[in-house]
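Asks: Listed below, chain by chain, are the residues.
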Amino acid sequence: MAAPTIRSLRSPLGRVRGLGAAKGGTHHWWLQRVTSVALLPLTIWLVFSLARMPDSTWQEATAWIGRPFNAVLLLAFLAAAFHHMAYGLQEVVEDYVRGELAKVGALLALKGACFLLWLSATLAVLRIAI
Amino acid sequence: MSKITDAREAVMVGRRSDGTLVRRPLSPHLQAYDMMQMTSALSITHRITGTLWSIGMIFLVWWLVAAAAGEASFNGAQWFFGSFFGVIGLMGLTAVAWYHTLAGVRHLYWDSGRGFDLPTTYLTGRAVLIGTAALTALTWLIMLITWI
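Chains as they are written, first to last, in this note's numbering: chain A, 1 to 130; chain B, 1 to 148.
It cannot be assumed that every hint is accurate.
[To be verified] Ranges of calculated distance between the beta carbons of each label pair, as one might list FRET restraints: (1) A:LYS111 with B:ARG47: 13 to 21 Å; (2) B:PHE80 with A:GLY20: 47 to 55 Å; (3) B:ARG24 with A:GLY20: 24 to 32 Å; (4) A:TRP45 with B:THR120: 27 to 35 Å; (5) B:PHE116 with A:ALA63: 42 to 50 Å; (6) B:SER73 with A:GLU100: 37 to 45 Å; (7) B:ILE48 with A:SER8: 38 to 46 Å; (8) B:THR146 with A:ALA79: 26 to 34 Å; (9) B:GLY115 with A:ALA63: 41 to 49 Å; (10) B:VAL87 with A:GLU100: 39 to 47 Å; (11) A:TRP30 with B:ARG114: 17 to 25 Å; (12) A:HIS27 with B:GLY92: 32 to 40 Å; (13) B:PHE116 with A:ARG52: 36 to 44 Å.
Quick caveat, the hints were computed from the structure, so don't treat them as lab data. We treat Cβ as the ideally placed atom computed from N, Cα and C, and that holds for glycine.
Extracted from the complex, chain A is given alone in its bound form:
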């Protein structure tokens, strides 16, 4: 078998990976879809659950959050939602913020805020549930 003729300076491994200078493929796009599929049932559950507790007292609300079923779904919702939110807002920033310094600064602030908000909400649920 004859060796394949190489007409470009790109290595065969580089051509197989097919990512070029972008260094990333469909990871962002795919995870946005995965989290959206996860969020579909979780959102329906959360919205209708919250709709049924408009005048709940602190005792009722913490009892609801602390129930293992609710706590697990809340933690799952928070993880998927903040992941989806960080990725979605990243696209908005990348589309509209001009200038590399402002863009990178906005992205770092955005990711940091999303991470801290997720951590706060998760800690709150865990503290009530455990």
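Dock chain B against chain A, hints included.
Replies: Below, chain B without anything else, positioned relative to chain A:
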């Protein structure tokens, strides 16, 4: 921003090196698109509702953290959500959440490679709008029934 009613007006008028005029097309932009079309209006609304829901998530975090912090802070959060602006905000957030959810399902349907022809696009677009109205009304009906 002057509005261009005909997409053919979205051209750049330039000169060739020999001095003759040339009209080159510009890539589509806000002035060339009629944003009142259902297709583009629903598209930008998906992004806007996604951003608004991100702001709404801050209030969910507040509610959870207040519940974890104790009865006094929880009552403060509940007072806000029950106030005039709180209720208006939550009503808007409900519509925003349902719109983004339904339009998201529409996007997943598109991701499967289906539904790109114009009649189907309009059909699914109207379904998203009607579904948003119906689910928002249902959510608040459930809330009112629980409240009373």
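Asks: Evaluate each hint against the coordinates.
Replies: Hints and how they fare:
1. One distance hint, 13 to 21 Å for the beta-carbon pair A:LYS111 and B:ARG47, holds here, with the actual separation near 19 Å.
2. The given range of 47 to 55 Å is respected by B:PHE80 and A:GLY20, whose C-beta atoms sit roughly 50 Å from each other.
3. Evaluation of the 24 to 32 Å hint for B:ARG24 and A:GLY20 yields a pass: the beta carbon distance comes to about 29 Å.
4. The hinted window of 27 to 35 Å between A:TRP45 and B:THR120 holds, with their beta carbons roughly 29 Å apart.
5. Between B:PHE116 and A:ALA63 the CB atoms are about 48 Å apart, so this pair conforms to the stated range of 42 to 50 Å.
6. For B:SER73 and A:GLU100, the hinted distance range of 37 to 45 Å is satisfied, since their beta carbons lie about 41 Å from each other.
7. At about 43 Å, the beta-carbon gap between B:ILE48 and A:SER8 stays in the expected band of 38 to 46 Å.
8. Taking the beta carbon of each, B:THR146 and A:ALA79 are about 28 Å apart, inside 26 to 34 Å as hinted.
9. In this structure the supplied range 41 to 49 Å holds for B:GLY115 paired with A:ALA63, their Cβ-Cβ distance being about 44 Å.
10. Taken as a hint, the range 39 to 47 Å holds for the pair B:VAL87 and A:GLU100, whose Cβ atoms sit roughly 43 Å apart.
11. Take A:TRP30 and B:ARG114: their Cβ atoms lie about 19 Å apart, and the range 17 to 25 Å holds.
12. Roughly 33 Å separates the CB atoms of A:HIS27 and B:GLY92, a value that falls within the hinted 32 to 40 Å.
13. Range check, B:PHE116 to A:ARG52: about 39 Å between beta-carbon atoms, so the 36 to 44 Å window is met.
The structure meets every hint from the earlier list without exception.
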